[in-house]
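Which chain is which? The protein sequence lines are A and B, in order.
Be aware that the first sequence starts at 1, since it is given in the numbering used here, and climbs by one per residue.
Be aware that the second sequence starts at 1, since it is given in the numbering used here, and climbs by one per residue.
Treat the hints with caution; some may be incorrect.
Restraint-style ranges between C-beta atoms, simulated for each label pair [to be verified]:
{"no.": "1", "chain 1": "A", "residue 1": "Trp68", "chain 2": "B", "residue 2": "Ser533", "range": "33 to 39 Å"}
{"no.": "2", "chain 1": "B", "residue 1": "Phe295", "chain 2": "A", "residue 2": "Val22", "range": "50 to 56 Å"}
{"no.": "3", "chain 1": "A", "residue 1": "Pro124", "chain 2": "B", "residue 2": "Ser386", "range": "48 to 54 Å"}
Over 12 Å on every C-beta distance to chain A, these chain B residues come out as not near it, computed from the model [what the hints assert, rightly or not]:
{"no.": "4", "residue": "Pro180"}
{"no.": "5", "residue": "Gly219"}
{"no.": "6", "residue": "Ser386"}
No wet-lab data here; the hints were simulated from the structure.
Just so it is clear, CB atoms sit at the ideal spot from N, CA and C, and this is done for glycine as well.
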Amino acid sequence: MTPRILARLIAAMLVLAAVMSVFLLQFEWFGDAASEQREPIDTLFDVMVVLSSFVFSVVVVMLAYAIWKYRAKPGDESDGEPIHGNTKLEIAWTVIPTAIVLVGAIYSWIVLDDIEAKAEDRMPINITAQQFKWTFEYPDAGVTSNELHVPVDQQLEIQLTALDVVHSFWVPEWGIKRDAVPAGFGGDEVDDEFVVTPNEEGTYTNICSELCGFGHATMRSLVVVESQEEFERWLSQQEPSAGAAPADGAESGSGESGSGSSGASG
Amino acid sequence: MVAALKAPGLARGALGFIVGSAFGFGLVVALRAISGLEVFQTEQTGYPHLIVPAITGPLGFLVGLGAFDYWFRWAVGKPTVPEDHSQHGAHTWKDYFKFNTDHKVIGIQYIVTTFFFFLAGGLIAMVMRAELAQPGTQIVDPGVFNGLFSTHAALMIFVFVIPVFAGIANYVLPLMIGAPDMAFPRLNALSFWMLPIAGLLFLGSFLVPGGAFDAGWTGYAPLSTGAPLGQSFFNLGVQFAGASSVATALNFLVTIITMRAPGMTFWRMPLLVWANLSTSLLVVAATPFIAGVQFMVLFDRALGTNFFQAAFGGDVLSYQHIFWFYSHPAVYIMMLPGFGIVSEVISTHARKPIFGYRLMALALIGIVVLSYTVWAHHMFVSGMFSWLRVPMMITTLLIAVPTGIKIFSWLATLFNSVLHLRSTAMLFSLGFIVTFVVGGISGVMLGMVPIDIHVSDTYFIVAHIHFVLFGGSVFTIFAGIYHWFPKMTGRMYDEKLGRVHFYLTLVGMLGTFVPMHWIGMEGMPRRVADYSSQFAEWNLVISIASFLLGIAQLVFIYNMVVSWRWGPRATANPWRAKTIEWQVSSPPPIFNFDEIPRVVGGPYEFGVPGARHAIMAGEEAEVKAPEPAVVGTAGGGGGGSPGTGGTRT
Numbered sequence: 001m002t003p004r005i006l007a008r009l010i011a012a013m014l015v016l017a018a019v020m021s022v023f024l025l026q027f028e029w030f031g032d033a034a035s036e037q038r039e040p041i042d043t044l045f046d047v048m049v050v051l052s053s054f055v056f057s058v059v060v061v062m063l064a065y066a067i068w069k070y071r072a073k074p075g076d077e078s079d080g081e082p083i084h085g086n087t088k089l090e091i092a093w094t095v096i097p098t099a100i101v102l103v104g105a106i107y108s109w110i111v112l113d114d115i116e117a118k119a120e121d122r123m124p125i126n127i128t129a130q131q132f133k134w135t136f137e138y139p140d141a142g143v144t145s146n147e148l149h150v151p152v153d154q155q156l157e158i159q160l161t162a163l164d165v166v167h168s169f170w171v172p173e174w175g176i177k178r179d180a181v182p183a184g185f186g187g188d189e190v191d192d193e194f195v196v197t198p199n200e201e202g203t204y205t206n207i208c209s210e211l212c213g214f215g216h217a218t219m220r221s222l223v224v225v226e227s228q229e230e231f232e233r234w235l236s237q238q239e240p241s242a243g244a245a246p247a248d249g250a251e252s253g254s255g256e257s258g259s260g261s262s263g264a265s266g
Numbered sequence: 001m002v003a004a005l006k007a008p009g010l011a012r013g014a015l016g017f018i019v020g021s022a023f024g025f026g027l028v029v030a031l032r033a034i035s036g037l038e039v040f041q042t043e044q045t046g047y048p049h050l051i052v053p054a055i056t057g058p059l060g061f062l063v064g065l066g067a068f069d070y071w072f073r074w075a076v077g078k079p080t081v082p083e084d085h086s087q088h089g090a091h092t093w094k095d096y097f098k099f100n101t102d103h104k105v106i107g108i109q110y111i112v113t114t115f116f117f118f119l120a121g122g123l124i125a126m127v128m129r130a131e132l133a134q135p136g137t138q139i140v141d142p143g144v145f146n147g148l149f150s151t152h153a154a155l156m157i158f159v160f161v162i163p164v165f166a167g168i169a170n171y172v173l174p175l176m177i178g179a180p181d182m183a184f185p186r187l188n189a190l191s192f193w194m195l196p197i198a199g200l201l202f203l204g205s206f207l208v209p210g211g212a213f214d215a216g217w218t219g220y221a222p223l224s225t226g227a228p229l230g231q232s233f234f235n236l237g238v239q240f241a242g243a244s245s246v247a248t249a250l251n252f253l254v255t256i257i258t259m260r261a262p263g264m265t266f267w268r269m270p271l272l273v274w275a276n277l278s279t280s281l282l283v284v285a286a287t288p289f290i291a292g293v294q295f296m297v298l299f300d301r302a303l304g305t306n307f308f309q310a311a312f313g314g315d316v317l318s319y320q321h322i323f324w325f326y327s328h329p330a331v332y333i334m335m336l337p338g339f340g341i342v343s344e345v346i347s348t349h350a351r352k353p354i355f356g357y358r359l360m361a362l363a364l365i366g367i368v369v370l371s372y373t374v375w376a377h378h379m380f381v382s383g384m385f386s387w388l389r390v391p392m393m394i395t396t397l398l399i400a401v402p403t404g405i406k407i408f409s410w411l412a413t414l415f416n417s418v419l420h421l422r423s424t425a426m427l428f429s430l431g432f433i434v435t436f437v438v439g440g441i442s443g444v445m446l447g448m449v450p451i452d453i454h455v456s457d458t459y460f461i462v463a464h465i466h467f468v469l470f471g472g473s474v475f476t477i478f479a480g481i482y483h484w485f486p487k488m489t490g491r492m493y494d495e496k497l498g499r500v501h502f503y504l505t506l507v508g509m510l511g512t513f514v515p516m517h518w519i520g521m522e523g524m525p526r527r528v529a530d531y532s533s534q535f536a537e538w539n540l541v542i543s544i545a546s547f548l549l550g551i552a553q554l555v556f557i558y559n560m561v562v563s564w565r566w567g568p569r570a571t572a573n574p575w576r577a578k579t580i581e582w583q584v585s586s587p588p589p590i591f592n593f594d595e596i597p598r599v600v601g602g603p604y605e606f607g608v609p610g611a612r613h614a615i616m617a618g619e620e621a622e623v624k625a626p627e628p629a630v631v632g633t634a635g636g637g638g639g640g641s642p643g644t645g646g647t648r649t
């Protein structure tokens with residue numbers, strides 16, 4: 001391969017990568033963003049879109065060129081050149097990807113620390129998951145609800161618990177997800193706390209995203225992000241909860257699968 | 001009739017199944033009656049009178065089939081039946097339904113059986129896509145739907161992708177290394193016959209009270225420990241599939257290490273052999289973990305142990321750690337043999353040596369080592385120790401490096417080649433490079449903790465695993481089947497139909513799995529029978545594309561069946577390949593070689609004047625082998641040329 005062809009191939013790769021990146025960056029891939037944590041995650045993803053476009057372009061351009069250039073003429077039964085390898089090239093495509101992924105790992109680590117950074121002023125909320133409903137407890141106000149109402153621009157410190165099987169709390173617009181694990185013997189070792197700071201008022205959905213049985217697909221709850229005044233008005237209208245733990249036993253026994261109660265499925 | 005029941009075979013196997021099941025059933029009933037317990041325990045997870053026969057019945061079947069005849073006589077000190085080779089090789093089609101010790105027969109048995117389960121799993125996927133074509137519930141209720149995606153995955157993973165590679169390697173690998181058979185032919189046959197048992201246990205779970213297992217193929221506790229009876233069938237099916245895998249892997253290891261033809265040094269092994277060596281290293285060490293963890297779930301369910309039942313003090317996250325300690329290496333168990341196939345196909349049809357052969361082999365070993373250190377990237381949102389996330393992220397991203405080496409080396413192999421696209425195997429191999437790169441890219445994204453937190457357990461994951469398992473593994477499986485079809489059947493397949501199959505599969509695959517990325521990132525969780533109406537349009541597109549993908553496989557089946565029966569006769573070496581399996585007739589003689597070949601060079605010496613890979617019996621006189629200098633410098637990932645006279649530019 002002459003240097004001129006190599007230069008043209010590299011140019012083709014860069015052009016394709018640029019076109020792909022520009023096109024792909026037009027979309028809001030993760031949907032609307034509504035938390036402080038989503039911003040660094042979205043930026044990281046955009047960087048990955050550009051990087052991935054480049055990797056994809058390198059592979060596709062090389063493959064397309066090889067097929068176009070070296071395709072056998074009909075009846076050509078000869079062999080290709082007996083090239084067994086090239087040590088410099090092989091070192092290059094070992095070292096360069098290693099460097100790229102390590103930089104990516106460090107960048108991700110920084111983003112991770114960023115989105116898990118705790119603010120001074122946090123509002124604690126205890127969330128309990130069970131087949132197939134969510135309960136939200138505001139320990140400071142002594143209030144329990146089936147809807148999650150939170151004030152805007154306030155960091156929430158969420159503590160998750162599950163009563164029966166593993167569930168998962170996810171509000172896509174917040175970009176944060178964490179499993180609710182039924183605490184057993186190793187309960188204290190489960191990392192069931194996370195922080196999130198909603199920064200857009202609106203109505204969202206919390207989607208259970210860990211398979212939890214028959215009602216998994218519909219195990220959702222309303223999430224309302226509102227101004228501090230509206231939130232306080234809502235909070236004052238709620239019935240105070242009797243104790244810290246939400247009512248148990250009514251819905252489901254421990255360790256029992258919801259699909260069992262739907263025995264008709266068989 | 002009586003004679004048929006006395007001789008080893010399917011009839012005696014059926015009898016063995018009945019006797020075994022009756023024994024298990026009787027044992028449970030009798031023991032419970034003696035102990036003063038209720039005779040039939042039919043609480044949700046119980047049913048010991050069905051679980052125990054589900055173990056003893058299949059074992060009775062294997063005994064009846066004749067899997068243990070030789071060993072039993074030996075073990076009790078009776079004179080063994082002299083080996084008359086009556087159980088070796090296929091003379092009629094009926095021999096494929098018997099306990100047969102010929103690796104070529106076993107290879108065909110594996111491939112046909114696993115494709116049966118591939119079609120079963122595919123049909124289940126079609127039902128799911130029909131249900132998901134619109135939001136709401138139309139065809140199956142959510143409970144059934146959970147059972148469908150669980151069995152779909154279990155069938156595809158445990159009784160299609162993993163064993164079909166074992167089947168292809170079973171047929172090809174002993175021929176490739178110049179061995180007369182596998183090291184342990186009887187163990188090999190036993191390994192195969194455990195496989196249909198596993199698949200039938202998975203499918204049979206549809207018939208039991210409570211329906212098929214519905215906790216996903218991951219079977220997370222405590223959902224699985226409390227699930228209905230079907231879950232026990234999953235636990236047991238995994239045991240049979242796992243035992244089959246481990247026994248086969250041991251067999252491959254011993255065969256590859258001890259039975260290579262004289263002259264075949266490690267650096268002269270074809271990359272398919274390297275790939276199966278690596279895969280087997282993963283299987284023997286990792287598979288016991290899933291076998292163990294499924295036994296623990298079964299014990300929690302049936303015996304009242306408390307490994308994972310949170311309510312009684314079990315440790316929920318331990319299940320996930322043990323499960324993924326197998327199931328992440330399993331991803332490579334499902335991919336490395338495909339890498340080997342692609343290397344063979346690309347080198348042969350590009351008429352060029354594999355670029356950087358030694359680094360290609362070392363990359364496989366690198367993947368084996370790294371893949372044991374990344375399992376917890378499936379658990380970034382699980383609530384496990386938070387400090388474990390960053391090291392697992394780094395190892396996960398690093399695994400892209402050896403994988404990238406393989407992609408770049410295949411591409412470099414194509415440069416300055418004489419590239420033939422006439423073979424469907426080559427089309428699937430080149431298509432694989434593109435689809436697998438997409439799966440690799442989404443894999444790197446998933447490896448980054450912040451992105452994973454958002455897209456974990458969404459359709460983005462579904463898209464990713466199908467890009468690596470369909471665009472990756474299944475494409476290479478098709479490449480392997482097309483490539484060695486002439487060798488296995490002695491017939492040529494129809495290339496036109498092959499091309500139709502390839503292009504339909506490619507379009508169907510992209511149409512099905514590309515949009516899944518988008519809806520996942522936007523907020524559609526995985527494993528749901530119903531979804532928010534905002535995703536309706538894309539789900540309809542996905543469903544239509546998936547039906548196209550399903551129909552495309554009918555073209556493949558038609559081509560294979562018709563060509564096997566009526567295709568034109570294949571020559572010994574239709575692709576003009578260098579490796580040993582192509583130097584014997586198609587199909588090969590029952591005992592492979594009259595005399596073991598002698599290996600004198602690297603496996604891919606295309607374009608090297610006078611180079612030979614192996615000298616077959618009877619050729620010694622005609623060919624004076626150019627004795628190659630065996631270059632000993634292995635270091636640095638690209639030491640000397642493995643071959644005779646090629647260049648490293």
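Outcome of the hint check:
Restraint check, Trp68 (chain A) to Ser533 (chain B): a C-beta distance of roughly 45 Å breaks the suggested window 33 to 39 Å. Separated by about 54 Å at the C-beta atoms, Phe295 (chain B) and Val22 (chain A) satisfy the suggested range of 50 to 56 Å. In this structure the supplied range 48 to 54 Å is violated for Pro124 (chain A) paired with Ser386 (chain B), their Cβ-Cβ distance being about 19 Å. Non-interface call for Pro180 (chain B) relative to chain A: holds, since the shortest CB-CB distance, roughly 31 Å, exceeds 12 Å.
The claim that Gly219 (chain B) lies off the interface is violated: its Cβ sits roughly 10 Å from the closest Cβ of chain A, which falls inside the 12 Å cut-off. Non-interface status of Ser386 (chain B) relative to chain A is broken: a Cβ of that chain comes within 12 Å, the nearest being about 5 Å off.
Hints 1, 3, 5, 6 from the list above are not met by this structure, while the remaining hints are.
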